[in-house]
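Colleague: All chains, please: the whole structure from these sequences, using the hints.
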Amino acid sequence: MAPARTIPTITWAMIVVWLIFASVPLWIEKVGLYHYLGVEILIFAMYALAYNLVLGHAGLPSFGHGAFFGVGAYAFGLAQFNIAANLWVCLAAAVGAAAVAGALVALFISHRRGIYYALMTIAFGQIFWFIAIKAHGLTGGEDGLLKIERLPATLGVTVFDLKSNVALYYFVLVVFVAVSFLLWRIVHSPFGRVVKAIKQNETRARFVGYDVWRFKAAILVISACLSGLAGGLFSMAQASAFPDVMSLHYSGYVVMMTLVGGGLVSFWGPVIGAVAFFLARDIIGAVTTGWMLWFGLSFVVLVLFKPEGIAGIYQSLAQRRAKAAAPVVAPNSQAR
Amino acid sequence: MTSIVNLLPHLLNGIALGLLFSLIALGFMLILGLMEQINLAHGSLFALGAYFAYALCAARLPLPPDWLAVWAAVPLIWRFAAAVVLAPILVAPFGLILERLMRRTYGRDPLYGLLLTFGVAMVIEELIRVVWGTPDYMLPVPQEISGGFIMLDLIWSTYRFWAAGMAIVAMAVVWVIVERTRFGAMVKAGAHDSEIVQALGIDLTKLRVWVFVLGTMMAAFAGVIMAPLWGIRPHMGVDAVVPAFLIIVLGGVGSFWGAAIGGLLVGMVVGLSSAYASEWSMLSMYLLLLLVVTFRARGLFGKKSVLEV
Amino acid sequence: MKNSKISSGLSRRLIMKGGLLSATAAFFGPWKHNHVWAQGAKPIKLGLTCDASGQYGNSGQDDLRGIRMAIDEFNAKGGVLGRKVEWVTADTETNPATGTRVAERFVSQDQCGFLIGALHSGVANAITQVANKYGVIYFNTNSSAPSEAGENCSRVKFVWDGNGTNFSKAAVQNAVQKIGKNWLLLTNDYVWGHTTSAATKGQVEQAGGKIVDNLLVPQNTRDFTSYLLKVQQAKPDVVAMAIGGDDMKVLRQQIVSLKMDEKVAWINNQQDWPDIWGQADTLFGVFGTSWYHKLQLPGVAEFVKRWQTAYPQSPIPVPGNVSYNGYMSTRELLRAIERAGSTNNRAVIKALEGHKMPAADRMQHYDAYIDAATHQVQQTIYLARRNAKPADPTDLFDVISWTKPETALDTDAPNKCKMKAPADIPTFDA
Amino acid sequence: MALFEAKDLHLRFGDRVVLESVSLAFEAGQLSGIMGPNGAGKTTCFNVLTGRYKPHRGQVLWQGEDITGRSPQAIARLGIARSFQLMNLFDEFTVFENIAIALPQTRARARNMVAQAYADPALVDEAQAILARVGLAERADDEAKSLPYGARRALEIGVALACKPKLLFLDEPTAGLGSDGRARLADLILKLKGSVTIVIIEHDMEFLFSLADQISVIHWGQVIAKGTPAALKANPWVEASNLGRLN
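Residue numbers (the working numbering), protein chains in the order written: chain A, 1 to 336; chain B, 1 to 309; chain C, 1 to 430; chain D, 1 to 247.
Keep in mind that the hints were calculated from the coordinates and are not lab data. A virtual CB, placed ideally from N, CA and C, is assigned to each residue, including glycine. Heads up, a few of these hints could be off.
Claimed, not checked - Which stretches of chain A does chain B cover? Using the computed rule of at least three CB atoms under 8 Å from a CB of chain B, they are:
(1) 130 to 144
(2) 248 to 256
(3) 291 to 302
Stated by the list, open to error - 25 Å max Cα-Cα, derived PhoX-like pairs, lysine-lysine:
(4) C:Lys133 with C:Lys350
(5) C:Lys181 with C:Lys263
(6) C:Lys210 with C:Lys263
(7) C:Lys178 with C:Lys210
(8) C:Lys42 with C:Lys133
(9) C:Lys356 with C:Lys420
(10) C:Lys181 with C:Lys210
(11) A:Lys163 with C:Lys420
(12) C:Lys133 with C:Lys181
(13) A:Lys306 with D:Lys7
(14) C:Lys418 with A:Lys163
(15) C:Lys42 with A:Lys30
(16) B:Lys188 with B:Lys206
(17) C:Lys133 with C:Lys178
(18) A:Lys30 with C:Lys133
(19) A:Lys147 with C:Lys356
(20) C:Lys133 with A:Lys147
(21) C:Lys420 with A:Lys147
(22) D:Lys145 with A:Lys323
(23) C:Lys178 with C:Lys389
(24) C:Lys201 with C:Lys418
(25) C:Lys259 with C:Lys181
(26) A:Lys306 with A:Lys323
(27) A:Lys147 with C:Lys418
(28) C:Lys416 with C:Lys133
(29) C:Lys259 with C:Lys230
(30) C:Lys77 with C:Lys305
(31) C:Lys294 with C:Lys305
(32) A:Lys163 with C:Lys210
(33) D:Lys7 with D:Lys54
(34) D:Lys166 with D:Lys233
Modeller: Shown next as structure tokens:
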């Protein structure tokens, strides 16, 4: 009997990423950054990972993902004000509302792919953004939904207060660990492999018996749920929810993070991209007023010469080294 | 009946707006039609057109002071006319550079073209901020075409109607080029099958350059025309590119009449809905889009395109 | 275009160097300081949350000029409590989300003890939330939404501008009687616009007038044609505008080019100086302001001269109300620290609450005071119109009236404002 | 009753008639061939039979049941698999995964989002067995896009086989293959014959005549002749349309 083909449940890369993030609060202030920045990075890393499920894994170029992130943020706040000021209830509301939004969008666009998919997601993103701005009664309009509390995390009898940035950071880290682990499993599950197959060849997938529409819809909804979760956490970090995360630009930023990091070739690429994006904003932003100019230029260069992103650069370097060591390299289509 | 009379001005206003939308969408459509590339930098080229026009009209040019004084003494109407003609020409080289960059993405997933132009749009917007700063500018309009006139007991902006007229002229020129010249025939052939173009011995590379330049100049021209209406600011490109792509999807990729009628339709819907709920009027164009593409997947006049795969 | 709130979009950040320390230095290692000031006394650090881009980019920079001038004056005479005053600023992009981040950064990374600056009420709210969390005192210099001193008030926030209610109180009653009863409101679609228009509505109805329509205008609107069409169709006697920043510039330009400025009476709640500078041709109607650089009061001319010496290159050649508010608020903060003899937040708040500022000192017609119940500065409210006979190119306003703070007082605000007790706010010592 | 039957299929694209009253029947266990010149409508016919296009008129019957107009995935799940003329593989997957993803066991678990996809040794064995059948056992771990042309052809058939078909449609399997490749492919098909019902579209007459039990000739969207290879060789129609000539 042939051996089963399994992927490790826990990888070294996973442990390294988690450990690095876990150590951040210990040194972030020593390098002149601040805890709140760490919280934002972690949340966006999670968001980018969730987004990459759609872009990198399913090959669906969504340009309106900010909608789901934003819906999650608003849902978190609204649940807090109108349902119950309980962290778990609010996070569930964020996930649930994003799922509904995702399902609604999926209903309209799951038969599409490529540029048309991108165009339709832009249109949907704009609709959600527009509603967020105009529905004052619900969202507070352009001023945003204010006074969202950082609710305490209750676990049985223990209660963790998340008011400080460091406490919130660790809470977000726990969620991040759970989400990244879950995504790792999804990507390597039968479902995940079918989605990957659909990305490569939709027609063939159909002819081996898969209902492509359902898989495309499902992956969008899952991605929307996790984006909404990140959005809920973001509203907690900001103590408010604002419409601009739903704008075309912010939706574009998450695409940039994912690509710059190398989401097309690497599972952890989006995380690298989110870190690079935020550090660039804070560090280049402190030196020159036009940091976006430099970030935009490097993005253009990357798209032109190395669309596989930072992770892609690393992989080809590693491959070159491996080639030097051993002439035959077994190609591997598993996500790394 | 009074309600219909009340609506008429909004409809007229919508038609004028629609013609201007069509104008913005047209250059976008040319590039999308032939190259099957979404040019997200279209809006930035549009903005550059407006800024160059501002530099010319307001006599803010990098020239020696005495030359500048001579130029500033030229009557505004001539400066404005010069801007209408020169701004698109000045922006054209940016289109050339962009096309050079785009070449690397031909034959790859169209997503890369989209991302590349997203990045370029960002860079151009930042460059504008570096050169002109963040404040808003208004493009001075010559006396002859500014002000208002009375119609239906309301005052109307003369410039708005003049601009709509210019949009019609520009669209007519594009129509003649696409439908009545050999160049247009090649463009259309290329839009349907680039293999045929090559088989006919047409240099596709050159054709693409020319289409890109034409599309760029259209964008810049639209920028000049829209500048007095929308004001000039670094971000104006996004305001233009979003309706443009929407109109193209609505009208159908690769169709001249799709872009023209799509623009008009969007303008009228925005105009009419603003009569009832002005603050929601911009949402109406997205709802229109959803409605159309739900029932007609390729838009009103679209043909099957490789973009769908 | 209406859907252009994405505007603040390609976000850029402007971080400027302040004093000896620069924001960049902080990136390259732990806090290091050259002890050149008062034997190692820690500097007092101010975080200036001024917009450099977006709808209020211009005004934000004018605000900053006023703030910096006050800081420089204090440093020139030896600082505050023997400590040097340092500052850092970053672009809040007229965007609440960015405002939150910048405020977080100023407090936790740059260790600012006080936050100053805002034009946009949404941004001001976002900054207030961060300030509340840490107990840091925040000065809202120029955002004049009535809600700032009403439902969104805070123990740590002080509001320095006259607000929409103050201006309506000064203007509306008169206009209803003299011009006409049918009013139409043009309202910028965010908190300042809404609350300002609500205040106007209340005043109009109280005076026996009627609101025929309220048109909500999204921020960053650039094409007002459809709104102007509706104005023409509604044929009101008076149009009261609550449109801010660059939007107002464009609106005015379009109204004038259509010659609609003569057809109806236009009242603009407040006309910020940076919004009108360079657009004098489009000035019309009646509008409010809290200060004008040609007020016939002692000290004004001298102040203008000082300001001009400090900023010879300024794109706006004279200080307006925005720069004035920035200057006055910062000066009062530093004075309050001196009075309190400490930078402890509760002590400074105590020194500010109810504090009276003589008219001569503030270069206004009447004495002003910091309302202890709402933390708003109650001050003289001026009404002006376009100056037909300007003395020089900067003399754009013809000030037609000045109203006592007590008359223009928002009497409802104390009921809406619920503040935490001073003992309940986190202590914070800068 | 035939295993699979098409009755009176009509299909138009715009005003162009592509199929006109095409009727076909494939008996269980047999190997049937469809031949005809380029553009005759053979592949279109396959596309109708496997659910890609919906006919404007006519019926498709599977074991007597009407399956006209069902989606490709629904038809595939009945046990009808197909290969493609232009190779249609999952290029970034390994050879192994191309097979594994098509196995009904994977399909049955496709809703599972947490378990590992190929942890079941039986599934791996089965995929390996199919790879062995098509002669690719050694290349299981290579990326599909790295395979040489002939091997890709074999994998194309392997993917179709992995669906555990009762009926297998092969669309021009020899396209682009050299004589060597053809011989190997003929071997493979002969081995399959009997265990699964096969329908082959083919250009190469020699290849088809040597394998098929029964052949239909399609021209101008119509079935112009039908019969055993031997009978067809004598058919004047076939002779006349220059199709029966061996090359």
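Colleague: Work down the list of hints and note, for each, if the structure agrees.
Modeller: Outcome of the hint check:
1. 130 to 144: holds (count 3)
2. 248 to 256: holds (count 5)
3. 291 to 302: holds (count 7)
4. C:Lys133 with C:Lys350: Answer holds: C:Lys133 to C:Lys350 is near 19 Å, not above 25 Å.
5. C:Lys181 with C:Lys263: holds (15 Å)
6. C:Lys210 with C:Lys263: holds (19 Å)
7. C:Lys178 with C:Lys210: OK: C:Lys178 and C:Lys210 at ~14 Å, within 25 Å.
8. C:Lys42 with C:Lys133: holds (23 Å)
9. C:Lys356 with C:Lys420: Holds, at about 23 Å.
10. C:Lys181 with C:Lys210: Satisfied, since the Cα-Cα distance of roughly 6 Å is no more than 25 Å.
11. A:Lys163 with C:Lys420: OK: A:Lys163 and C:Lys420 at ~18 Å, within 25 Å.
12. C:Lys133 with C:Lys181: The given pair, whose Cα atoms are some 46 Å apart, is violated under the 25 Å limit.
13. A:Lys306 with D:Lys7: Violated, because 54 Å separates the two Cα atoms, which is more than 25 Å.
14. C:Lys418 with A:Lys163: holds (22 Å)
15. C:Lys42 with A:Lys30: holds (19 Å)
16. B:Lys188 with B:Lys206: Roughly 15 Å separates the two Cα atoms, so the pair holds.
17. C:Lys133 with C:Lys178: It is violated: about 48 Å lies between the C-alpha atoms, which goes past 25 Å.
18. A:Lys30 with C:Lys133: Since the Cα atoms of A:Lys30 and C:Lys133 sit roughly 23 Å apart, the hinted pair holds (cutoff 25 Å).
19. A:Lys147 with C:Lys356: Violated, at about 32 Å.
20. C:Lys133 with A:Lys147: Within the cut-off at roughly 11 Å; holds.
21. C:Lys420 with A:Lys147: Answer holds: C:Lys420 to A:Lys147 is near 14 Å, not above 25 Å.
22. D:Lys145 with A:Lys323: holds (20 Å)
23. C:Lys178 with C:Lys389: holds (24 Å)
24. C:Lys201 with C:Lys418: The hint holds at about 24 Å.
25. C:Lys259 with C:Lys181: Since the Cα atoms of C:Lys259 and C:Lys181 sit roughly 22 Å apart, the hinted pair holds (cutoff 25 Å).
26. A:Lys306 with A:Lys323: holds (20 Å)
27. A:Lys147 with C:Lys418: holds (14 Å)
28. C:Lys416 with C:Lys133: holds (21 Å)
29. C:Lys259 with C:Lys230: Since the Cα atoms of C:Lys259 and C:Lys230 sit roughly 15 Å apart, the hinted pair holds (cutoff 25 Å).
30. C:Lys77 with C:Lys305: Given that 25 Å is the threshold and the Cα spacing comes to 19 Å, the pair holds.
31. C:Lys294 with C:Lys305: holds (12 Å)
32. A:Lys163 with C:Lys210: Roughly 48 Å between the alpha carbons, so the hint for A:Lys163 and C:Lys210 is violated.
33. D:Lys7 with D:Lys54: holds (13 Å)
34. D:Lys166 with D:Lys233: With Cα atoms ~29 Å apart, D:Lys166 and D:Lys233 exceed 25 Å; violated.
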